[in-house]
Amino acid sequence: MSGLQIPMEHVLALAGLLFSCGLMGLMLRRNIIFMLMSLEVMLNAVALAFVAAGAQWGQADGQIIFLLILSVAAAEVAVGLGLVLQIQRRFKTLDMDQARRLRG
Amino acid sequence: MMATLFYLAAFIALLATGLALTRTNAAHALIYLIVSLLAVAVLFFLMGAPFAAALEIVIYAGAIMVLFVFVIMMLNVGQEGIEREREWLSARNWVVPGVLAAILLLELLLALRAAPATTSGVAVTPKEVGLALFGPYVLAVEIASMLLLAGLVGAYHLGRRFIVRRERRR
Amino acid sequence: MAGVWLIPLLPLASALLLILSTGKMPRQLVALLGAGSVGLAAICVALLARDFLADGEVRQLTLWTWLAVGEFTPRIAFYIDGLTVVMMSVITGVGFLIHLYSIEFMWDDESICRYFAYMNLFVAAMLVLVMADNLLLLYLGWEGVGLCSYLLVGFWYRDPANGRAARKAFIVTRVGDTAMALGLFLLFTELGTLDIQPMLVAANSHWQVGDSLPILATALLLGGAVGKSAQLPLHTWLPDAMAGPTPVSALIHAATMVTAGVYLIARTFGLFLLAPPTQEAVAWIGLLTLLLAAFAALAQSDIKRILAYSTISQIGYMFLALGVGAYASGIFHLVTHAFFKALLFLAAGAVIHCLHHEHNIFRMGGLRTRLPVIFWSFLIGSAALAALPFTSGFYSKDAILLSAWEIPGIGPWLWAGGLLGAMLTGIYSFRLVFVVFFGSAHTEPDRQPGWKMATPLIVLCVLSLLGGLLVLPLSGVFPPAAHPAASHAVEYISIGTPLLGLLLAYLLFLGRQLSIDTLADGPLGRGLSDLWLKGWRIDQLYDAVWVRPYLGLSHWWRNEPVDRIYNALVSLCQWAHHRLCALQTGQLRWYATSMVFGLVLLVAIMLRNAT
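Chains as they are written, first to last, in my numbering: chain A, 1 to 104; chain B, 1 to 170; chain C, 1 to 611.
Hints in this document: simulated from the structure, not taken from any laboratory.
Quick caveat: nothing in here was measured; it's all calculated off a predicted structure.
Take these hints with a grain of salt, some might be off.
As the list claims (entries may be wrong) - Heads up, incomplete: computed chain A residues facing chain B, CB under 10 Å, no partners named:
| hint | residue |
| --- | --- |
| 1 | Leu26 |
| 2 | Asn31 |
| 3 | Met37 |
| 4 | Ser38 |
| 5 | Gly62 |
| 6 | Leu83 |
| 7 | Leu85 |
| 8 | Gln86 |
| 9 | Ala99 |
Don't be surprised by glycine CBs; every beta carbon is placed ideally from N, CA and C.
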């Protein structure tokens, strides 16, 4: 398993692309489930960047950060999906533009 | 060969992500997202991180996405939800997020120019990861475990009331 | 006599006891305490006076040092000379008679305990005022009597009008008191002491006659005296102060407190001698006041207001005397005035008491046969007030007028004015007698005065008739006045004028040879009588000049214009808050988008810095 020689920029550019996609989804979608998915994509993109950096130096640290990101994503999804259920119950919709009770 | 495989997987990941975020049916979007995650797992493997690749598949594409599936099943959004999603995805909604995301991407790419390097291709074995994890990073592990516990408690709390109410209604 | 300190202490202790009993004391005990303490004080004063007349020695008594601040060490100390003895005798003697009278007058009042507490406190404060060795202690008594006056004018506080009258009395005198306080500050700064006798000595060594400082200081003291003694321009409170019980009017607003200003000027006459302009101002104020008040008294119909205006007028005579340097005559008039004015007020109070609280003289009438004791008292009091020959008022007023005649230059004018006032006094006092006691009855009395009322009246009758024979021990206090050497013509005119006033009153109000109606019906007569009835409209003038602008100003300030600035700040914050609230849409996507926008900016800045 050795010999993958590609420019770092390409990997990081890919991570950036994925991140931007997630960001765009977050801003674009009104359904909270899609927003959560976008968040997953963004986290995943960041994780990719860390793993790539770890790969460049041949160190384990990148993967460890990936692990931490993974646990953050798991916790976030667990709580986030619980919230989704509550929002559906309270507002009878998943449209975040409708759930605007925090308006000042 | 390896490089070709890398770019192919990268292409699949991008394509699948893009498709996932533009679907109107949540279940379809989820499938695309899983594809995207699998492609990223391939990338990890190619970059010499087999442990990360395995976790990506097992936890991300497996456990987390299954959670999404459960929730989508519970909510049972249905056909009208799809119609609504289609309506929401009209073209003019794309402008501002598109522009902002494009600018950010451009900035990130600009920042990358300054770091010309290649991946080493040296594999980092699960053993090394494990040693590092329970060596210098043991505190981070503890914190992560607490985070997960908090997530567990929170999810239990939020979800339980939902279930109890539904049972009572029944 | 060693127990001088007992004299003010007795009424003070009684007042404290009465206050502390919170009105639960039986009436008999209240009366015994209230009148008895003053009676005891009167006996002490009589003993003191006997000793004093025997040796003529000035007594000084230091009880303790009040406070010591650097060089400022006022003491609680008494200075007793002839003037003090005279004042003390009047206060406790007349005061005791009025207390005795009050027992019957106030017997049915539920607040009799409160009444006697205030009255005793008043007597104590007044005694402190006249006995004080230094001006600060005098000021304590001065404010004490002001407080008691306020409390007693508003005694029947359930009627808001009485409360207003009390406030007016307090506030108007406060104007004078402030001037007096300023005068005390000035005297202390300039002379370094407030002890009266050393101060007078120091003033004589520091200042020349006619210097500006003594003029200023005496003018300020005069302000205090004018306020307390209800002289122009601060006289407006006295007619309204008649809202209090009649014995209060007799004691405070006729016999004692209102003469405190006269006492103050007499006590500090050494300063006034250094300031001839102020001295002259005192005379003119007295003359002007006595004339204005006499005219106002002509038109009143409330029996107590007539007496109030006559009080103002008579104090005007005292000021006139002080102004022309006839101090002894002024004090003499003070004493006789205390007798006959207390007599008049008590008799008026008895009339009111016996006629179901009727105040309007035109609803009285024909009381001569029905209330004989009161009639004779009133007649004697009026005769003394009008200075008919051989009554006490005659001696004192005559002395004042003759002293005024002696003054070079302005003297004859003062004399003529005083004479006109004397004639007016004759008219209004006998108008009162004729309207109230002669003619046909309009209201029947429902009771006769008892012995507690009659005794003070009779004693005061005797004093009013024979008071002129008293020789006051004032020779050691004041510089000996030049013996009046006016021509006999002047004296005869002085004697005759009150008789002329009496004749006019007879013709107008009893004999009806002259028709008062034809006089009063013309436009001039009606305008004048209306003007006099309202006391020359001075109240309205003050209302327009002071009260209304002040109220307007306070209304304006009530809206707090200064706060507008801070309110504007608050409004600005609220405005900004509402604008910023618009940003808080509650829309998650909007938040996310703005965060991304910020992120874009941040990264851009970082990039710029990196390159």
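query = Under the criterion of a CB-CB separation shorter than 10 Å, is Gly62/A in contact with chain B as hinted?
reply = Status holds, d = 7 Å.
Agreement of hint Met37/A with chain B interface, Cβ distance less than 10 Å = Holds, because the Cβ-Cβ distance from Met37/A to chain B comes to roughly 6 Å (cut-off 10 Å).
ask   = Holds or violated: is there a CB of chain B closer than 10 Å to the CB of Ser38/A?
value = holds, 6 Å
ask   = Does Leu83/A pass the interface hint, meaning its C-beta sits closer than 10 Å to a C-beta of chain B?
value = Holds, because the Cβ-Cβ distance from Leu83/A to chain B comes to roughly 6 Å (cut-off 10 Å).
ask   = Was the hint right that Leu85/A lines chain B, CB cutoff 10 Å?
value = holds, 4 Å
query = Given Ala99/A as an interface hint, is the shortest Cβ-Cβ distance to chain B below 10 Å?
reply = Violated. Min distance 14 Å.
query = Holds or violated: is there a CB of chain B closer than 10 Å to the CB of Asn31/A?
reply = holds, 6 Å
inquiry  = Quick check on Leu26/A please, does its C-beta sit within 10 Å of some C-beta on chain B?
reply    = Interface hint status for Leu26/A: holds (8 Å vs cutoff 10 Å).
query = Should the hint that Gln86/A touches chain B count as held when the rule is a Cβ pair under 10 Å?
reply = Status holds, d = 6 Å.
Of the hints listed earlier, the one the structure fails to meet is number 9.
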